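K.L.:
Chains A and B, in that order, are what the protein sequence lines are. The first sequence begins at 701 in the numbering used here and counts up by one. The second sequence begins at 418 in the numbering used here and counts up by one.
Read the hints as simulated data drawn from the structure, not as lab findings.
Derived coverage of chain A by chain B (criterion: at least 3 residues anywhere in the stretch with Cβ under 8 Å from a Cβ of chain B; other residues may be distant): (1) 736-747; (2) 768-775.
Chain B residues, not near chain A, derived (Cβ > 12 Å throughout): (3) R554; (4) G706; (5) K895.
Quick caveat, the model's predicted, so the values are computed rather than measured. Just so you know, even glycine gets a beta-carbon here, dropped at the ideal spot from N, CA and C.
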Amino acid sequence: MELKAVGTAGTLESSDVMITLEPRDSGGIDLTLESSVLNQYGRQIKAEVLASLERLGVKNAKVIVNDHGALDCTIKARVECAFYRGCGCDMDGRFDWGGVIR
Amino acid sequence: MKNAVGREIPKEALAVELKNGRKYEPYHGKGYRDGKYIKKAGPTSRIYQKPQESKLLPSIRDAIIATGLKDGMTVSFHHHFRDGDYIVNMVMKEIVDLGIKDITIAASSLGSAHDPIADYIEQGIVTGIQTSGIRGRMGDVVSHGKLKTPAILRSHGGRVRAIEEGDVHIDVAFIGAPTSDEYGNARAVGGKSDCGVLGYPVVDSEYADKVVVITDTLVPYPNFPPSIHGINVDYVVKVDEIGNPKKIASAAARMTQNPRDLMMAENTAKVMAATPWFKDGFSFQTGAGGPSLAVNRFLEPLMDEKGIKMAWAIGGITGPICELQRKGKVGKIIDVQDFDVAAIEDIRTNPNHFEMTASEYANPANKGAFVNKLDFVVLAALEVDIDFNVNVITGSDGVLRGAPGGHPDTAEGAKCCVIVTPLTRGRMATICEHVVTVTTPGDCVDVVVTDYGTAVNPARKDIIEALDKAGIKHVPIKELQEKAYSLVGKPDDLQWKDKVVAILEARDGTILDVVREIKPYEN
Numbered sequence: 701m702e703l704k705a706v707g708t709a710g711t712l713e714s715s716d717v718m719i720t721l722e723p724r725d726s727g728g729i730d731l732t733l734e735s736s737v738l739n740q741y742g743r744q745i746k747a748e749v750l751a752s753l754e755r756l757g758v759k760n761a762k763v764i765v766n767d768h769g770a771l772d773c774t775i776k777a778r779v780e781c782a783f784y785r786g787c788g789c790d791m792d793g794r795f796d797w798g799g800v801i802r
Numbered sequence: 418m419k420n421a422v423g424r425e426i427p428k429e430a431l432a433v434e435l436k437n438g439r440k441y442e443p444y445h446g447k448g449y450r451d452g453k454y455i456k457k458a459g460p461t462s463r464i465y466q467k468p469q470e471s472k473l474l475p476s477i478r479d480a481i482i483a484t485g486l487k488d489g490m491t492v493s494f495h496h497h498f499r500d501g502d503y504i505v506n507m508v509m510k511e512i513v514d515l516g517i518k519d520i521t522i523a524a525s526s527l528g529s530a531h532d533p534i535a536d537y538i539e540q541g542i543v544t545g546i547q548t549s550g551i552r553g554r555m556g557d558v559v560s561h562g563k564l565k566t567p568a569i570l571r572s573h574g575g576r577v578r579a580i581e582e583g584d585v586h587i588d589v590a591f592i593g594a595p596t597s598d599e600y601g602n603a604r605a606v607g608g609k610s611d612c613g614v615l616g617y618p619v620v621d622s623e624y625a626d627k628v629v630v631i632t633d634t635l636v637p638y639p640n641f642p643p644s645i646h647g648i649n650v651d652y653v654v655k656v657d658e659i660g661n662p663k664k665i666a667s668a669a670a671r672m673t674q675n676p677r678d679l680m681m682a683e684n685t686a687k688v689m690a691a692t693p694w695f696k697d698g699f700s701f702q703t704g705a706g707g708p709s710l711a712v713n714r715f716l717e718p719l720m721d722e723k724g725i726k727m728a729w730a731i732g733g734i735t736g737p738i739c740e741l742q743r744k745g746k747v748g749k750i751i752d753v754q755d756f757d758v759a760a761i762e763d764i765r766t767n768p769n770h771f772e773m774t775a776s777e778y779a780n781p782a783n784k785g786a787f788v789n790k791l792d793f794v795v796l797a798a799l800e801v802d803i804d805f806n807v808n809v810i811t812g813s814d815g816v817l818r819g820a821p822g823g824h825p826d827t828a829e830g831a832k833c834c835v836i837v838t839p840l841t842r843g844r845m846a847t848i849c850e851h852v853v854t855v856t857t858p859g860d861c862v863d864v865v866v867t868d869y870g871t872a873v874n875p876a877r878k879d880i881i882e883a884l885d886k887a888g889i890k891h892v893p894i895k896e897l898q899e900k901a902y903s904l905v906g907k908p909d910d911l912q913w914k915d916k917v918v919a920i921l922e923a924r925d926g927t928i929l930d931v932v933r934e935i936k937p938y939e940n
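Assemble the whole structure, with the sequences as input and the hints as a guide.
P.N.:
Next comes the structure, spelled out in structure tokens:
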């Protein structure tokens, strides 16, 4: 599966994170992070997003993370969802929810 | 040098000059200055021997000129108008327009209503801030090192001590008052901006060289019984509005419906009921926050069950405690500040609801404030650490955005101090290894109630024994902290620059902690 279009998941609610993935051909991962808990958890959020992208096989993308204190499990789920949406998956069960990211 | 709560107090903080020449010491532990003496610092007060008909001046500007306010002086304000206050901004604008600079603001508290002061700090006109609360843009610019001298943050009781002892000298006090007569006898009840009581600025009126009362409602002389006595007032100014009544008092504080808050409140009431001080004639203070306020509701059935009544309640007063009193379950309410319309209405009509000064409430240096006779206090916290130290001033980003208020005063005074707080707030671990800033020392905190369990300070063997006897489960606080970190992850340490931007005074005037300039997060 390959990121073909912009994929977004999540909300700006407290304890959630909004992830936007924008495909590009080269240049690796360009991550922009905003967070209400940036000073204490910025490093961990960044690591979690990058690890999730690696497991999904995303090599080149512009990534915007707008976090309002989401826990790690939420971050993983939102990255995964944004990816599948960006891959153009529809609701026909072709994607492996919870299967790629553990 | 490390102080008694394990905080490194840098030389530059200990070297900060106090007005009376007193040298700062690091915090030594609770009760450290008990039995020592202070020489009170009196004001230089003008003699008004020749009778004058009125002290009224046409404007704030005229009053500032009349007081002789000059560069480098200290002005003071109170915070009874809370987020609805107009006084601080009105007065400071005139001071700035007159070209007076190098001003220190010594307020009982400051809030988000005072954002314009941030500009004066950035422009270098306001060079000192001494307050309990600091929030909004002011907190932001101070945390980013824009204030010329470190802000000095004190508890409500600590402020009275500092003024009486002469650590700070107020040149001119500007006291907003809901009503005043032409001689400056000022009251909190009546007028357009009724705030119920005026307990905080009494010390200002007694210790400032010049005192200006500002009101929007002039009443016939004598405006009695006054909170601020005309004998201490130099000038009176009438303005159109001293505040926004809607923001001065919130509508009756609504009881929380959040099941987590209710559960914590119920558990707090049960902890109180299990201790030996829960007997007929006990005394109590609680905060206005969700779970703290809800404790009132769960206390009542436990009091009924035991057939006991509360002798008195103190503090920032809200509707629920007045309601409890109307049911005949509280003897007297002694009130330093009103938080809602119900409390303001109550003090107007209820003969057993009394006003007190900030000194009577919480001053550690007088001959026995109300907090010294307090049985229980229930308080909130932003963070509590495994040594029971509490932070109520700095957020998870290290920026100043809170107020010690009466927290350290009641915690030290009360026989049983209970902190009630959820284990986590969003991704913030409330129970943590080390609080960002110590605002109430752990040696004054006895019990912590969270939604994941209760912990008792190991120093309080009597409370542990009482809870065990009552079958109330409690765990080591370390367990709560580990649970919190297992949910949200271990937070990274905040990054600071070297500059000390604020000094946290313990209520006895020693240094509890410092806040340094925050270093922007590097991605």
